[in-house]
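Input sequences plus hints: build the corresponding full structure.
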Amino acid sequence: MANLYGKENVEIAWCPGCGNFGIRNIVMNALTELAIPKENLVFVSGIGQAAKAPQYYNTSYFNGLHGRSLPPAAAIKAANPLLKVIVESGDGDMYGEGGNHFIHAIRRNSDITVIVHNNMVYGLTKGQASPTSRPGFTTPVQVDGVFENPLNPAALAIALDASFVARASAGEQEKSKEIIKAAINHKGFALVDIFSACVSFNKVNTHRWFKENTYIIEEGYDPKNKPEAFKKSLEEGPWPLGILYVNDNKPVFEEKLAPYLNKDNTPLYIRKREAGTVMDILNTKI
Amino acid sequence: MKIKSADNRVKREVSIVLSGEAGQGIQSIETILIKLIKQSGYNVFATKEYMSRVRGGVNATMLRVSQDRAAAPVDKTDIFIPLEKEALARYAYRLDKNTIIAGDAALLQDSRVNDIAFGKIAEALGNPLFSSMVAAGAACGIIGIGKETADDFIQKLFGKKGEETVNGNIKAFAAGYEAGARTAVKNNFKIKIDKNIKIQDEFMLSGADAVAIGAIAGGCSAAFAYPMTPGTSVFTALAEYSHKGQIAVEQAEDEIAAINMALGAWYAGARAMVSTSGGGFDLMTEGVSLAGITETPVVIHLAQRPGPATGYPTRTEQGDLNLALHAGHGDFARVILAPGNTLQAFELARKAFDTADKYQVPVFIMTDQYFVDTYYNIPRFEVKEHKNQNYIVETKEGYKRYALTKDGISPRGVPGFGTGCVCLDSDEHDEDGRITEDLSGIGLKMKEKRMKKSALLNAAAIKPSLYGNKNYKTIFICWGSVLNTALEAIKISGLKDAAILHYSQVYPLHKSTADIIKKAKKAVMIENNQTGQFAGLIKKETGLDIGHKILRYDGLAFSADGLAELMKKSAAIKGKKIRKPAEKKKGRR
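Line order of the protein sequences matches chains E and P. Residue numbering for the first sequence follows the numbering used here, starting at 279 and increasing by one per position. Residue numbering for the second sequence follows the numbering used here, starting at 29 and increasing by one per position.
These are computed hints drawn from the structure, not numbers from a lab. Heads up, the beta-carbon is just placed ideally off N, CA and C, and yes, glycines get one too. What you were told as hints is all true, and nothing was included just to trick you.
Quick look at which bits of chain P chain E covers, simulated, 3 or more residues with Cβ under 8 Å: (1) 226-233; (2) 241-248; (3) 265-279; (4) 295-302; (5) 440-448.
Listed below are the simulated EDC-like cross-link pairs for lysine to aspartate or glutamate, each with C-alpha atoms no more than 16 Å apart in a straight line: (6) E/K316 to P/E425; (7) E/K285 to P/E425; (8) E/K563 to P/D229.
As structure tokens, then:
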């Protein structure tokens, strides 16, 4: 399949064998199958190896600051609801530096898709623990091994009643593509936490390890059953892969903003403000 | 014109201070009085100072009613209305033998008090809540204004709450008014302020209103903030008008989110602003940096209050200039505006959006607690059909967001408008917005391109305004909210060969700065901060060292009469005190 969204003639600054390559393929294939018009597509990312992903797509992107992918993503969608907004970043960026935004972006429920490369290590800064690193994982900083309890993004997201929560794996191309397609098609905040191996700094959670420690959720699983979804999200070793939870009944952020309350989705940059409006407001200040 | 001798004894303006605990209704008395006074056809000014408390403490509101416009606070107090005992001690410095103190004598236990028991009068009328209206009536009664319009005004104010509330308040005002009028007679208090019915139709804007409505006029279509006094009031006003103005408003989870949201919104074509105060702005500095390298416009309203850290949460200071000047790491251009009055605030807030959009830089609007919380009537002005120039371009395949141009400004596209990709990156990037480490090539060109805007912004800087004697010997320099107070103070001071130089744009400085200051024999900086931050900036930019400084940093704004005394003292001090930089010696040393 032709990768319509791939940037050509660009040097990709990921290590050979990095799981990010697999995720890039998955994302491009999902976009191709969904045939999303490129001019209406925006990628948003923070900082980190995964956050470089938008550099390697042939689309618009906002590659901002560390941990800050979600606030601009929500605002981009709010400024122009006609855009498809996809956030792509790593576990450190999203769950560490950006933890507060992660919580509140779920509450806000913008219609955005959030793909988090989860390799359980900090790659860009060369191998420190991330919020999802497993206990016992030793690094140059965590010399006695990680002793903090790892963050479980899916469980956290379900606890916050995120409207779409899924777990995927770079090693499961087909399954992950379907999950990402569903996430993009979902209206509301959609989280895809996707396992990815860091071949340079995580010698524990390797491609093989993820293969051996995950399973694809059985057919017939009902993602709308919240208690069951929460239970599923807490399963570890093996980790379930698939759409864990869906809630279609949450209000979507941008639809509740004053400019769009009348169902008019005209982007803000096209709207003109009349001087009469300002005069009307001034006239209340008598 | 010769003034009749009789007129000399009759006051043409009056200052009133009301004080009480938070929750005692000072705020509602202020609201009632400023509206009623203006609706009755008199100039009115109001400002407040308050403690960081929801209940209790000592808060005060200061009103001036005047024949000529008066738009600055004064210490001199003609009428003092304390609603509780502590206020007498706290505001002792404002009181002299001519001040009429009116209140509940039994409560205040002070021989100077003219007894008007607001609470008891209200209770006798059937509802203790009427006491605010009794106090408002008493203030009007002492001055002798507002009686004729009060009934109508109260009807309009409380009409929705039913007849009983309306009638009760009408009676409460009348009872207060009578008591006030008796007090005036007893104290031989004479005042004559001529009514001017045109004032009824004038605008009554707080500093916060002026910034918010000016922003709307500037095309503000999105606003993001985390609440922080005193920045909140502008955000609240934008939320209030969000339906009328079609503004996307969101209370962010923190200030970091707020400014990153604003940048996202601008990237997608909205005109967004954030409103905060120093402590919140500390957090936003990473966003200012991001705006710098990505050349994303953004408008930042920074309402100052004393720091460091939480400082005095509800007081005023001009202490954040250095913060705004230096926020963000690395080198990049910015603009800092600082309105001196409400009309300027409206106009500069509007202009801020155009400037940000045109030059793709962060633009600050710096106010302070005093400024945003202050009201006075100003003549109506028309908002012309202002074609906010749209600087956004339609993109084509191969569009380069950071195209190198002669003047350093790349045409700004937004995603979804045209077929090109709009790529923004916080990392040093090439013309396409892709990461580069070509240090001596495109990397260097990008840095130079961004800095080219400084020249453009220097050329576009707003000229400072000179008020007073054009052949000044002494020049008093101020910026932002000090303007009105300085203008009144120089009148009070009687200084003849002095002028006020006010900056409504504090960065970049207008090129005339050095010449205007050097023309004076003596320059005096007036700033509402401890170290003279603006004097520091002038020194850095022009080499001129302004040795005389009038600095107030106790958390309160300057008063016109207090400042006048300080100005007289400064003018009397001998010594030139404008040190010019030594000529550079040629050759090596």
